[in-house]
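K.L.:
Following the hints, put chain B in place on chain A, whose structure we already have.
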Amino acid sequence: MKRVVTIAAALSLAASFSIAGNVVTAVKVKSLKHLKCGSKLIRKYAKFQKVVVYPQTTVHLNDKKANELNKDAKAKVVEVAAFTDGKNVAIVTRWPDKTKDVYKGYKSDIYPDGFAVQFASDASKPEKLPYIGMGSDGRPVAIYLRKAYGQGVYEPNGNGDVAHQVNEHNTNNFGKNLKKFKKEVKKLGVRPYQKAFVSEGFRSMTEIKDDSANYRTDMHYVKKYHKWGGMVVRPIKDAYAKPAKNEFAVAIAVWDGKELQRDGLKRLSSWIAVKLPGAKNKALEKVVSERVGGDVKKGKELAMTNCASCHRWKGAEMAPMYMAPDLSNIGGQATAAYIKESIVDPNAVVVPGYNRNSHPNFAWYTVDDKGHRTSAMPPFNYLKPQEINDLVAYMQTLKAEVEK
Amino acid sequence: MSKRQLAMVMDLNKCIGCQTCTVACKTQWTNRNGREYMYWNNVETYPGDGYPKKWMELGGGFDAAGDLQPGIIPNIEADYGVPWDYNYESLAEQNLLSDKPEPGFRPDQSPTWGPNWDEDQGDGNFPMDNYFFYLPRICNHCSNPGCLSACPRDAIFKREEDGVVLVDLDRCQGYRYCIAGCPYKKIYFNPKISKSEKCILCFPRIEQGLPPACAQSCVGRIRFVGFLDDEESQVYKLVHKYKVALPLRPDYGTQPNVYYVPPVDTPPKFDENGKIIEGSDRIPMEELEKLFGPAVHDAIKTIKAEREKRKKTGESELMDILIAYQHQDMFRLDHNYYVEVAKKKGMKPLPLVDERYVAGKHTKPSSISHFKVHA
Numbered sequence: 001m002k003r004v005v006t007i008a009a010a011l012s013l014a015a016s017f018s019i020a021g022n023v024v025t026a027v028k029v030k031s032l033k034h035l036k037c038g039s040k041l042i043r044k045y046a047k048f049q050k051v052v053v054y055p056q057t058t059v060h061l062n063d064k065k066a067n068e069l070n071k072d073a074k075a076k077v078v079e080v081a082a083f084t085d086g087k088n089v090a091i092v093t094r095w096p097d098k099t100k101d102v103y104k105g106y107k108s109d110i111y112p113d114g115f116a117v118q119f120a121s122d123a124s125k126p127e128k129l130p131y132i133g134m135g136s137d138g139r140p141v142a143i144y145l146r147k148a149y150g151q152g153v154y155e156p157n158g159n160g161d162v163a164h165q166v167n168e169h170n171t172n173n174f175g176k177n178l179k180k181f182k183k184e185v186k187k188l189g190v191r192p193y194q195k196a197f198v199s200e201g202f203r204s205m206t207e208i209k210d211d212s213a214n215y216r217t218d219m220h221y222v223k224k225y226h227k228w229g230g231m232v233v234r235p236i237k238d239a240y241a242k243p244a245k246n247e248f249a250v251a252i253a254v255w256d257g258k259e260l261q262r263d264g265l266k267r268l269s270s271w272i273a274v275k276l277p278g279a280k281n282k283a284l285e286k287v288v289s290e291r292v293g294g295d296v297k298k299g300k301e302l303a304m305t306n307c308a309s310c311h312r313w314k315g316a317e318m319a320p321m322y323m324a325p326d327l328s329n330i331g332g333q334a335t336a337a338y339i340k341e342s343i344v345d346p347n348a349v350v351v352p353g354y355n356r357n358s359h360p361n362f363a364w365y366t367v368d369d370k371g372h373r374t375s376a377m378p379p380f381n382y383l384k385p386q387e388i389n390d391l392v393a394y395m396q397t398l399k400a401e402v403e404k
Numbered sequence: 001m002s003k004r005q006l007a008m009v010m011d012l013n014k015c016i017g018c019q020t021c022t023v024a025c026k027t028q029w030t031n032r033n034g035r036e037y038m039y040w041n042n043v044e045t046y047p048g049d050g051y052p053k054k055w056m057e058l059g060g061g062f063d064a065a066g067d068l069q070p071g072i073i074p075n076i077e078a079d080y081g082v083p084w085d086y087n088y089e090s091l092a093e094q095n096l097l098s099d100k101p102e103p104g105f106r107p108d109q110s111p112t113w114g115p116n117w118d119e120d121q122g123d124g125n126f127p128m129d130n131y132f133f134y135l136p137r138i139c140n141h142c143s144n145p146g147c148l149s150a151c152p153r154d155a156i157f158k159r160e161e162d163g164v165v166l167v168d169l170d171r172c173q174g175y176r177y178c179i180a181g182c183p184y185k186k187i188y189f190n191p192k193i194s195k196s197e198k199c200i201l202c203f204p205r206i207e208q209g210l211p212p213a214c215a216q217s218c219v220g221r222i223r224f225v226g227f228l229d230d231e232e233s234q235v236y237k238l239v240h241k242y243k244v245a246l247p248l249r250p251d252y253g254t255q256p257n258v259y260y261v262p263p264v265d266t267p268p269k270f271d272e273n274g275k276i277i278e279g280s281d282r283i284p285m286e287e288l289e290k291l292f293g294p295a296v297h298d299a300i301k302t303i304k305a306e307r308e309k310r311k312k313t314g315e316s317e318l319m320d321i322l323i324a325y326q327h328q329d330m331f332r333l334d335h336n337y338y339v340e341v342a343k344k345k346g347m348k349p350l351p352l353v354d355e356r357y358v359a360g361k362h363t364k365p366s367s368i369s370h371f372k373v374h375a
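Residue numbers (the working numbering), protein chains in the order written: chain A, 1 to 404; chain B, 1 to 375.
It is worth saying that the hints were derived from the structure and are not from the lab.
Treat the hints with caution; some may be incorrect.
Stated by the list, open to error - Among the chain A residues that face chain B by a calculated CB cut under 10 Å, a handful are:
1) Lys64
2) Tyr193
3) Gln194
4) Leu260
5) Glu317
6) Met321
7) Tyr322
8) Met377
9) Phe380
10) Tyr382
Built from N, CA and C at the ideal position, the CB exists for glycine as well.
Same shape as in the complex, but just chain A (with noise of 0.2 Å):
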C-alpha cells in the first residue's frame, strides 16, 4: 500500500511540472577577453533564450511623475544568452527599448536606460534561492549594474584630490589653466557607470568597491532595431557568487530611462538557470521552470479570503497601500517554490518594505533582541496541501501583460 500511495505522489508530482523557459545553456568559447555588445561571436554564436521581464511591483514609490508613467506597464521580451571560457561566464542580453536615454549632462530629473544582472551566491538548494531582485537575509546575491551614462561620473576617490572638486569658477585658472583644470577634473570621472553590489535583502545592497569583484560590462543600442544590448563577464567562482553543479541562478533587470526608471522602478525576470558545459542536474531548471497545477480558481478564492485584506494585487486593491507586498507581478517574477514557502513560512524571506515612515501603524515586520526579523504575516500552514496549490497556482498567474 505504502509504494503505490509512494507512486501516486511522484505521478502528482511529475504532473505538475512542465519545463520550458528560463534555462539558458552557456556557450563554450575561447576567451572571453575581447567580447564586447556586438561582437562577431554573439553575432555568431550566441543561443538567445526568451525571457520575459516584469516590472516590479512590490514597493510603493514616492515620484509621483513616475508612478503615473509606469502605471499600466506592460512586461517586456528580453533575450538571454551565456558564454564561458573555462574561467569566466558571460550573459549577454538584449531588450527592446523605443528611445535610446542615456544620461548627459547637468540634469535633476531624468534617467538613463540600464540593466542588472543578478546572480545567485548559492544556487545548490534551488527551493531556497534568494528573494528575487534584492536576495534575502543569509540568502546574498551579486548584483552587477550598468548604465547609459554620456559623460564619466566624477566621484570625489578619496585620494585627496580636493582641489579637483571645487567649480571651475571658484578656482583662479584662467584661459589655457583652466582648459587644464578640466582635463584634470574630467580624468577623474569613474567610465563608465558600472556598479557591483552585494546585497541580503531590501535596503542591504552594498556596492563592492574595494576591487574584489573583478568584472565587466558594456552596453550599447541599436537604432535599427531600437534595442538595447547588454553584456555582464565574471568570473565563474569568486567570493560573491559560485555556480552549483555548474549550474548558476541569474536574473535580468532592465530600466527604461524615458518611464522614468530606476531602483525598484523596473522590469525584472524571474530566476533563470544558466547551464555551463558538464551540467546535467535538473533541479534548477526544474525550480525555475516550475508551474503548479492547482486550480485557479479556487485559488483565487482563497487568496481572496486569506490574502486581500493585507497584499494588493491587480483586480484585489482592497488593502490599505503600504500594509505588505504588493503581488501584482509575482507569479512572473517568483518561483513557485518561493510562494510556497512564503505561504507556509513568511520568516524565511522578510521583504523589509519600502518606506520605513511611510505608515507608521504598518510594520512589516518585527525585529527581536538577537536582530532577527520576524514578518507580521502569519503562517498559512494549517492549509491543505492542495489549497497551497491552488493557491500558488492562481499567484502564477498574477503578472503583467506582454507587450507587442
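P.N.:
What follows is chain B alone, placed relative to chain A:
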C-alpha cells in the same frame, strides 16, 4: 528619534534679505563640481515662487494618517535655474577700440530662474497694501524626515547625538526619491557624482564650537542655535517656553527643527485717499497661518504682549532674547557633549577652535577659560 536635537530659530522680524548667510554657505560648502546650482541655504521673498520654483506645490511630506506623499523632482533648468556665467574671456580679448566693440558682460545662456529670481516682488498693490518679507530656508533636520522615509537604500540617517540629518554618500545611488519625499525640497541632486547632497547643519563647525556658517555670518542676527533639551538655550526658550518660534509648514508632518519667529510688525495699509487704515496689517494673517500653522496667532499675541510689558516695566526676558545684545548669547553649543560622544565611540574628539559660543548643559563653564574670566 535621536537622543538630542540641535535646532535653529530664525527671527523673521530681523531678516533684511542681505543673503550673507547664502553666500557664507555657498562658499563654505557648495562650491564643488555638480553643486553649482545648489543653495543649501537660501533667502527667498515671501510671497513668491521661491527656490526651487513653487516648492510648496511639489508634494512630499506626510498626510494626516502618516503616509508619505508622492512628490515631483524639480528640473534644474526650469525650477532651480542653471547658474549662468559671463563672457569674461571675450571681454578680455575683444578690441574695445574697434568701431563696433562688443557690448560688455553677457550671460553665457538665457537665465530662466534662479535662487533669488522674484526678490522683493511681494504681493498686493503699491502703495496701498503691498507686502513681503524674507524667508531664509535651510534643511529643517526634521524629526520625521520625508527624505529619510523615502530612501530605499538607508542612505539617509539622522545622527543619534544631535538629530542632524545626513546623506551617506557611500550608500546613495542617486535615485532621488528623497527629493520627492522632502516637502521643502531641501535635498539636491549632484548630477556630476550622481548622488544627493544637503545642508549638514555645519556639524563639523558645531562640534568644534563654531555656530553654523549661516548663523554666525548673519548680520541681522536673526539666528539662534542650541539644543532643544537644554532649558537654558535661547532655542528652548523661544520654542518651548514662550512658544513664539514655530516650524515652517507643520502640516507637512515632518516635524521640522528649524523654527521661525513670525513677522509681527507690518506697516498699516493705506486707503484710496492715501490715509492710514488704523489697526490694519499688510501681511494677511491667513498667509502666516498657512506658513506657520494656527499657533501663529498665539505667538504674535505673546510677542506683542511681551513688548507692552517691556514698555511698561522695562523687563521682558523674551524681548532680551530677541534683541540679542551679545552675539554669543544667541548660540549655546555643547563642545563637551561632543567630546563625550566621541570618546564613547572610541574616536578622537575634535579640538575646540572657538570658545565664545560654547555654554551647553554638558559643558561646565569652568571647563572653558572664557567663562573663568567672567565668573
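K.L.:
Does each hint hold? Answer for all of them.
P.N.:
A quick look at each hint next to the structure:
Here the hint on A:Lys64 is kept, as its CB sits about 4 Å from the closest CB of chain B, short of 10 Å. Interface restraint check for A:Tyr193: the shortest CB-CB distance to chain B comes to about 8 Å, inside 10 Å, so the restraint holds. Hint status for A:Gln194: violated, given a least beta-carbon distance of 13 Å to chain B, over 10 Å. Proximity of A:Leu260 to chain B holds as hinted, the smallest CB-CB distance being about 9 Å (cut-off 10 Å).
A distance limit of 10 Å between C-beta atoms decides the matter here; for A:Glu317 the minimum to chain B is near 16 Å, and the interface restraint is violated. Taking 10 Å as the C-beta cut-off, the interface hint given for A:Met321 holds, the closest approach to chain B being about 7 Å. Nearest Cβ of chain B to the Cβ of A:Tyr322: about 7 Å, under the 10 Å cut. The hint holds. Checking A:Met377 against chain B by beta carbon gives a least distance of about 21 Å; that is not within 10 Å, so the hint is violated.
Because the beta carbon of A:Phe380 sits about 27 Å from the nearest beta carbon in chain B, more than 10 Å, this interface hint is broken. The criterion of a C-beta within 10 Å of any C-beta in chain B is not met by A:Tyr382, whose closest approach is roughly 33 Å, and the hint is violated.
The structure does not agree with the numbered hints 3, 5, 8, 9 and 10 stated previously, though it agrees with the rest.
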